[in-house]
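**Q** Each chain, letter by letter, is given below.
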Amino acid sequence: MSALYEVNNVTLDLAGPAASGLQRLLPGNAPRLTILSGLSLTIGHGEMLGLVGESGSGKSTLARAMMGLIDITDGRLSFQNRTLESRADFIRVRQGAALMFQDAVASLSPRRKVGAQLVEPFQINGVPLPEGGKTAMTMLERVGLPPSLAQRYPHELSGGQARRVSVARALALQPKLVIADEPTAGLDVSVQAEILNLMTGLRRDMGLSFLIITHNLAVVRHVTDRVAVLYLGRMVEWGPTREVFARPRHPYTQSLVAAEPQADPRKRRADLALKGEIPSVLARPTGCEFHTRCPLARPRCAAEEPRPRMITPDHMVRCHFAEDTKTETQGGNHGTELEH
Amino acid sequence: MSAPLIKVDDLSIAYASEEGPVQALRHATLEARAGEAIGIVGESGCGKSTLASALITLLARNARVTSGGVQFGGRDILSISEEEKRKLRGRHIAMIFQDPMTSFNPVLTIGEQLVDFQGQREGLSKAEKRQQAAAMLKRVGIADPGRCLDRYVAELSGGMRQRAAIAAALLMAPDVLVADEPTTALDVTMEAQIIHLLRELRRDYNGAIVIVTHHLGVVGELCDRVYVMYAGEVVEEGSTDDVYHRPRHPYTRALIACDPANLHEQTPLLPTIPGRLPDLVSPPSGCSFAARCPQASELCRSMAPPYVEVGPRHAARCHEALA
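Those protein sequences? They're chains S and G, same order as listed. Heads up: the first sequence is residues 1 to 340, going by my numbering. Heads up: the second sequence is residues 1 to 323, going by my numbering.
Just so you know, these hints were derived from the structure itself, not from any lab. Beta carbons are placed, not taken as given, at the ideal position from N, Cα and C, and that holds for glycine. Accuracy of the hints is not assured; some may be wrong.
To be verified - Here chain G is said to cover these stretches of chain S; the calculated rule only asks that three of the stretch's residues, wherever they fall, bring their Cβ under 8 angstroms from a Cβ of chain G:
#1 195–201
#2 216–230
#3 298–307
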């Protein structure tokens, strides 16, 4: 499978809060915050890739960088085998790839009718409407909405309908890739299943690729082919979804999987898989970023940055002890000896 | 077994609207005993939020009680005066809201608000109230309570905010604690921590906890008993184990089936519940789930089903519940 979109060793720094005003003009080492660090991933044609991690792990920033909405500091992005460098390159990307924003209702203008907003992608990109006045209706039909919805305002839509409208808008220019940022957040389970089925259907019928950004692991488990796990802007594990969920090798992935609430009261967990919160990028831990919360951390983890290791030809883990972490995920809590 | 601490009895609530009254809650019955955690679960529009606001006597201005009431402390708390309701809220029945960002005042520090919340407590100086607040923050797992008291809500992380909101609700040691989607705004790891915290707090809390959520996982982890709601009605109630392992209402079964967390095999096509919620301005005369139910018969469409007891403290509103 050749890559449709390739992210190669991408780093993204932002000016730190101290570097404001005149300080910015001074030469030398202005403090920088590393938001993304050495990230590489590929999305194949017709592939569904999941990107998971807690809030603050850099998931949405990566999506924005891929669309050229925020500049990367280092590394290389390429779409359809062409490296993206100039603004014009990214304009091309935005015609071939579409971003579905996290809050579907907020991503629509409250003042304009749904129909008018559906045809905006054509107007912005100077593309003639494929079916003239009927374009909006056709777009609504494609995502399973009644054509009458074109006359409504966004606040008149339900959460699931607004989400479908954003899918329709993303599909307007017949992209090859859709980047969906939390496509099911805030939806009821039955509506969530409908949206996911719509996306898998579009992938099947149109050969679309998807990058699904979410912290809902159950969603990732069912719809994606491969999954990448992000922690504080760094990829800690990456491989085939089935394998990563069955045998997660990074302690962070293991904790994430173990943290999922179980609807079955017989499977209640007695212990807490992961304590504390994701550290701030202002105080990035040394060595392995995860060592401050890792149940298996040893002195080496604080001192030395782990290198990516290929456990199998397509399963990467960034952990010093990846060979020792074969334990199953429902292990419970081993954090006590590290508390103090 | 102890008597129910709070009891919802045949409660119906309608909202005034241009199209006519929306019957958001219809003949709901529910009880919570001391030391018990119950869950109210259902999808958007099922009436769970209306029921929650009735429990804490905070009904919207256009809401009207059309039958029944909420029994607490030997009286119907929906028919008492506004003044008496105010005395009840916070002191006897407290609520944890879904979004702590908007339930705290952004221009007052957490400390100022936690002191204010103890306004009804007699004979305590302001300094003592502040101490109480700090002790409560410590109890909900905030490492540096003194510093947290001086912060504004915007300065706290999502998890800290929710902990502070739980501290605020527990400050007055209420008899009933209502939590509306307490983990919806959080990450999976923070969600697990808040669930863990609520479970821990239960150990020395003698009141009743009511968790309102659309997330079956939260109920599974926290609740002893669960009420499943659909289109304004309680369609099934029972122990969490019974409802999860032996669901008797087709809607409960469908709801459990379409949660991807319950599917063990990877599947490209997730189960859904086809169809839409009925219009609550004119609810169907038969079973409200009949239009979407795979087993619905002519009887289901024409006659409202009885609430059938299918086991000890386990009941379902379905003609076929015993089949």
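**Q** How about the segment 195–201 of chain S: do at least three of its residues have a C-beta closer than 8 angstroms to a C-beta of chain G?
**A** holds (count 3)
**Q** Tell me whether the statement that chain G covers the segment 298–307 of chain S is true, taking a Cβ distance below 8 angstroms and needing three residues at minimum.
**A** With 0 residues close enough to chain G, the hint is violated.
**Q** Count the residues of the segment 216–230 of chain S whose Cβ falls closer than 8 angstroms to any Cβ of chain G, and tell me whether that reaches three.
**A** Answer holds; 7 residues pass the 8 angstroms Cβ test.
Of the numbered hints listed earlier, the single one contradicted by the structure is hint 3.
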